[in-house]
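**Student:** The primary structure of each chain is shown beneath.
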Amino acid sequence: MEFPNGSERIRVLHGVDLDIGYGALSMLVGPSGCGKTTMLSILSGTLRATSGSVEVMGQRLDKMSDSARVKFRRRSIGFIFQQYNLIPTLSAAENAAMPLIADGVAWGQATKRAADLLAQLGLGAHTNRLPRQLSGGQQQRVAIARALVHAPALVVCDEPTAALDAEAGQAVMGLLDDASADPHRAVLVVTHDDRIFSFADRIVRMEDGRVIGEGHPTSNGESRS
Amino acid sequence: MGMLMVALKMLTGDKVKYFGLIFGIAFATLLMTQQMSIFIGLLTWGANPVLDVREAQVWVMDPRVKQPDQGQPISDQMLYRIRSVDGVEWAVPYLRTAANLKTADGGLAAVTLIGVDNQSMIGLPLANRAEAMQAIRGRNAVVLDKNTLGLVFPDGREPIGATAEINDNRVVVRGLTQSLTNFSGLPTAYMKYSDAIAITPPERNKLSFVLAHAVDGVSPQELARRITETTGLKAQVREDFAAAGTQFIIENTGIPISFGAAIGLGVLVAIIITALTLAMFIQENLKNLGALKAIGVTNGQVLSMVVFQSLYVGFLGYGLGIGGTAFFLYLGQSTPALMGFKMLWQVIAGSATLIATIVIGSALVSVRRVLVMDPAVVFRG
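Note that the protein sequences, when read in sequence, are chains A and B.
Going letter by letter, the first sequence gives residues 1 to 225 in this note's numbering.
Going letter by letter, the second sequence gives residues 1001 to 1381 in this note's numbering.
Some hints here could point you the wrong way.
Said to hold, decoys possible - The list that follows gives simulated cross-link-like pairs (lysine-lysine, BS3-like), each with its CA atoms no further than 25 angstroms apart:
hint	chain 1	residue 1	chain 2	residue 2
1	A	71	B	1146
2	B	1015	B	1287
3	B	1015	A	71
4	B	1009	A	112
5	B	1009	B	1146
Simulated from the structure, these hints should not be mistaken for lab results.
Predicted model only: the values in this text are computed from it and were never measured.
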């Protein structure tokens, strides 16, 4: 994967081969600038790779048109962002319902499904609250609901615990761990928060745009190659 | 529809910008439509002296006369020559001149003195026509325009029966009528033609205009042409001479410039407020809109959202502004200085089109940044 930089081009990813499996929570870890966010963007269809092939759930993203990729993202991928990115003037249920609303599901039906999911995530009493009325952990749970409401096969998470304290972070990772138990779903987390490594079924280490190691976390949270 | 609801909630949730947009557009609309309505009303005042004379199809005058308030009398003999032109059904004299009216208690008012044909009374306004025709028949009887009575009798006294002097000649107010407002704003006094010319200063010629009507089968335009050809005078159909009164105001006063400036200011206010506020709104929601794009909202949906937001505030703001102008004009109906001003459908349609263009244009300019935004940017913190 290359990015333009003036008259030059910077290669961010170098010949990366990566398989992400269903029914597991995978983590991409590495120092800042190692290319893990770029990898996440490519796998989630928000960025088009400059070379190579990208196959997600049997679909070649690198060969899709822009409109097809948008539709694929909307229906098959759930997103959790570092800064939550909730719409401040929409309630928790309305925020969580966003993928359904964008896909044309009727407003009432979409917010009902979202509210039900929020209840499962422990936010049943907060469905009508605005984001500013929720704590950071609660907001991230709304974001998780938004990522899961349309039953996607792939959930991508960019530093989901970066803005949370340890307790909230553990709670959020617990929910993602539960979501990854679905045999028809893969959860991919990009992080450099070593407090949550223990939640991973598989850790992929990256450095300078290359995968340098893979393994399972040890009992003390470190990766075993 | 769901994304439009999202757009609406995003917009109304930011109350400062929401109300800022609505009231900014309302103010701009009020400014534009109110000024345009007053401007058109003022221009109409230039045409009203002609429009107030409903029966005349053709106005005949000295060739040098450009508008109704311009005095250049013609010979009385011209009346008979015009009556002899083939195609003339009737032709009557019409005096229109400036005069001074002195009330019994010494008050002085400049008036427009109108002398109407003794027999037909053609030239009297339509309002209270029968009563005015009866009232004006008396010797030295004058009928006043009730809209401008306050300028003649500021103390509000009963005018009927009051004596006065016009050009130092005694007259008696015998009735009231209602003229269309004219540009000079002076009170109008109507008398029989014979009485009117008797009290105007002695001149060789006193006849201001001849009003003519064509026989069936002859168009007013054709009659005007024949009169000009026969007499050498200027003959214009009613509509053209009325337009000349309007044109005189446009060409010889600063009204078009000053009103044009106010209207232009309204347009500028609308553009600046709408474009700036929408741009700020988009900028503050850029991350959220980027997140929406990431989760699968299409560019078409984003565009629809922003255009919908613009049209929504545009509709509300425009409605408020137009309502304000209508209320202003309604209040002004009882004020002589504002009488006759109304909002034409062309002003409503034109300003609506302008506002719609401004809000949609602002939306398209503001949203461009979101449309070209890479959805992956939301991952970059």
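**Student:** Against each hint, give a clear statement of whether it holds in the structure.
**Tutor:** Each hint, compared with the structure:
1. 71/A <-> 1146/B: Given pair residue 71/A, residue 1146/B is violated - Cα atoms ~73 angstroms apart, limit 25 angstroms.
2. 1015/B <-> 1287/B: Roughly 19 angstroms between the alpha carbons, so the hint for residue 1015/B and residue 1287/B holds.
3. 1015/B <-> 71/A: Violated, at about 33 angstroms.
4. 1009/B <-> 112/A: Holds: residue 1009/B and residue 112/A sit about 18 angstroms apart, inside 25 angstroms.
5. 1009/B <-> 1146/B: violated, 55 angstroms
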